[in-house]
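All chains should be built: construct the whole structure from the sequences, respecting the hints.
Chain order of the listed sequences is A and B. Counting in my numbering, the first sequence runs from 1225 upward without gaps. Counting in my numbering, the second sequence runs from 1225 upward without gaps.
Don't take every hint at face value.
Repeated chains share a single entry, so a pair holds when one copy, or any two copies, can fit it.
Pairs of lysine to aspartate or glutamate, DMTMM-like flavour, derived with a Cα cap of 25 Å [as the list claims (entries may be wrong)]:
| id | residue 1 | residue 2 |
| --- | --- | --- |
| 1 | K1256 | E1292 |
| 2 | K1604 | E1414 |
| 3 | K1641 | E1284 |
| 4 | K1687 | D1387 |
| 5 | K1372 | D1387 |
| 6 | K1604 | D1375 |
| 7 | K1604 | D1387 |
| 8 | K1372 | D1636 |
| 9 | K1604 | D1368 |
| 10 | K1573 | D1306 |
Think of the hints as simulated: they come from the structure by calculation, not from any bench. These numbers were taken from a predicted model, which means no experiment stands behind them.
Number of protein chains: 2
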Amino acid sequence: MIILNLDRNSQIPLFRQVIDQLKEKIDDETIKPGEVLPPTRVFSSQLGVNRTTIYKAYQELWALGYIESRSGSYSRVRQRRDIMPAGKERESAAMNWAAVVNPSAEKVFRMFGHINYPFSEVESGFNGIDFGQLHPDMRLFPVDEFRKSFDKVIQQQGSSVLDYGDTKGLPALRQYIAGRMRSHSISASEPEILITNGAQNAIDLLMKLLARPGSRVFVESPTYGMIFPTLTYYNCEIVSIPMNNDGVDLEILERELQKGLPIFFYTMPNFHNPTGITTNQEHRERLIALFEKYNVPIIEDAFEEEMKYLGKVSLPIKSMDLHQIVIYLGSFSKILFPGIRLGWIVADKVCIDRLAALKRFDDICTSQPDQAALADFCHKGYYELHVKRIHKIYRKRMQIATQALKSYITNDNIEWKEPNGGFTIWLELKNTNLGYEEINSILLAHNVRVALGKDFFPVPNAKKYFRLAIANLNEKEIETGVRQLADAINEIYNKNN
Amino acid sequence: MIILNLDRNSQIPLFRQVIDQLKEKIDDETIKPGEVLPPTRVFSSQLGVNRTTIYKAYQELWALGYIESRSGSYSRVRQRRDIMPAGKERESAAMNWAAVVNPSAEKVFRMFGHINYPFSEVESGFNGIDFGQLHPDMRLFPVDEFRKSFDKVIQQQGSSVLDYGDTKGLPALRQYIAGRMRSHSISASEPEILITNGAQNAIDLLMKLLARPGSRVFVESPTYGMIFPTLTYYNCEIVSIPMNNDGVDLEILERELQKGLPIFFYTMPNFHNPTGITTNQEHRERLIALFEKYNVPIIEDAFEEEMKYLGKVSLPIKSMDLHQIVIYLGSFSKILFPGIRLGWIVADKVCIDRLAALKRFDDICTSQPDQAALADFCHKGYYELHVKRIHKIYRKRMQIATQALKSYITNDNIEWKEPNGGFTIWLELKNTNLGYEEINSILLAHNVRVALGKDFFPVPNAKKYFRLAIANLNEKEIETGVRQLADAINEIYNKNN
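If you want it as structure tokens, here you go:
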């Protein structure tokens, strides 16, 4: 007979006391594996408790693996397998996970796992002026209008806005994007638009669609650094086409096309990241004609299409895409805010249909309330209003930045070109024999941070560059930052000699 | 001299009139490519308008590619490339996109592109009782509490909640999940948890991490239908292990392990989709011991871990995972609502770190406001409250469903097993020679819809099954639906003979 010591006056419910005491007896082997526990009816009358108390206790013991209890049968103590101990660090695993993962994934982890984009700056505890992040200014986020849109769509649409939605994206949002595209001379109907989890997700989906192992991919050199891990995962051959002052070198581009066709050419015609170059209309026309000739897709990453705050710019390549070879990427991350992860692809419907199938099996659909709130926000006119507002602000910031660079940075070894919009300025540091690490520590010592040029080149480049991004700094910060930068540059060239 | 006909009384601004008329003259070649337009100063005095009017017009014409206009120089009419015509269907593309995409993506599209999950039901215009969708009841979504959490986090955290966030997931949400995992006897610290865009996204990330072309993958047969497209994309060999009444057949499983190790075994121990089977503690212990022996990962898809409304259930396999071989998938989609796309993975930290790198280059991070709102909602206790509330409701619905099945479906050819939780009941239709298409049209004619068994088998199975999901129907609908189902079944067996 099993004797328990139940306290009817305790705060602890009786069934819980039964469980705890039985567990203890099984754990210390007072009751041994194989022993049969009394039937609930018998045990409850022995203990003078309600039969459901015992029933409840047996249920939990069964769930915890202490007893076997087949319905209608007796309960027998099991040889229980241990569960993982709580609250302590795991033992080193028996499985060598690093060997279990596939070589591509492991390569991405080894080469790029240290990138904690977009957090590296925050984590380092750096406290100075940060020109390093290509990031819209949080102080300008239209938080309140967006909050109201969220509230409104959930109030008005209720449950339906929290349900699964169309993989291609919320129709109301795609409709708004189609209109916005028209304002950039791009004609796109809703079936030609796919909403993605930001532009990064668009690039991954396109690789998933187009890449084969060993595929050639053409990128501008320098280019967006976060595309390299993706190209690496898909085992592509990265072919880098140098940028000239007016955009990618079209002659080298054609020579590379003749050597072997790529699955696509990835280009940023507006306010190119990192160089800030915007190509002119003629360059764009020659570019698209070239890819039409070779019948190869162009990915036009137009992440800053809206940042034409100086007005005078060219048409998107996609607007001239009579042969449907251009895949256009748009994003809200650099205009509104990046935390909602919303971007889009405009492409031929045949291409969009296949991308949508891949996306469906990737994540079914993009967040519905995010899309609904954004659609409401946009349809109310707040998006356009916000673009106008930030145009003024960023135009002024860019003016301050370029004036400060002209005033303070007088060293002839520094070359840069005035961008006609966007967020970035690209500086070349001529005639320095210092390495990036040394340069960077001098910059940090002067309380200023930049994005180092090396991160934008697919293959190491002997020249030294850095990228200044001015979006996330106000006028005073820019002015101060450029002064500090000028001091740092002087030190760099002093050390140089 | 260029003569324009400007109307100063028109609603249309003067610069717009200038643009339109110049465009017309260039389009009809009154002004020919190569011709030089008058300087802004000259043209404005000729027309008697402000100089900025002409400047503005030239700017837009340049942007539209009508003129070349290098700064400080004259404006010359260009031979303009056409832009895509707006508002009409695209010409058939010069590029054969279906041939451009890689074979895996094309295969997924050809085999599974017709699946418009989760919308096929809605689109077909079906109006009867739908047992087909494994979908939580929208009428039970805690909409208002969630809306308030959204509002609160945006008000309190402001811009920061709309910024990029940690790829692994919002710390506050991971912290809540860690606690919730403890309540299921799983000990997991925050670095062992990765937030994903729902469980589907978790599966895709895991394939991205583990798959190599030709990798063997073990799945239960039948299993979750939406895993097949993903396995197909990654060119895996799908090895299907039959389900017995108490879970997957462990002997066949070991035989298959001996034939060749898979990259993982995908299993749903609770309320298995589609069979509804929950394995007992002993089966789970034997299962994990087997995979420890062969040192092969298990993916435990616990999408309905919380649906233990009958109480008596086993421990998660992950809770006994002393060797860190189990990858556990959780989801909010079946408990709260699916539209916010939030799920999670619990696994060895080495594994999570690599998954996080892949996720970073997939989409940087999951929606920040969605995570923040959910974390707030959960920390306030609404999640647990909601689980308790729906336990009562779904328990009742399942009782109604099983009682109705017992009462109305008296045909001996129909076999089914009472589930002990979850949302689904799996029926076998013995001795029928009708095809699924015929069966389905009889069901639809009786205004009732089910999920057809064929969609859950990796390889065609001669037996006929269907799955009833009862989550999305209230008690009355379930009762009515089962009556209609009974009539349909009678007709099926009448036709059969």
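Violations among the numbered hints, reported as their numbers in ascending order: 4 and 8
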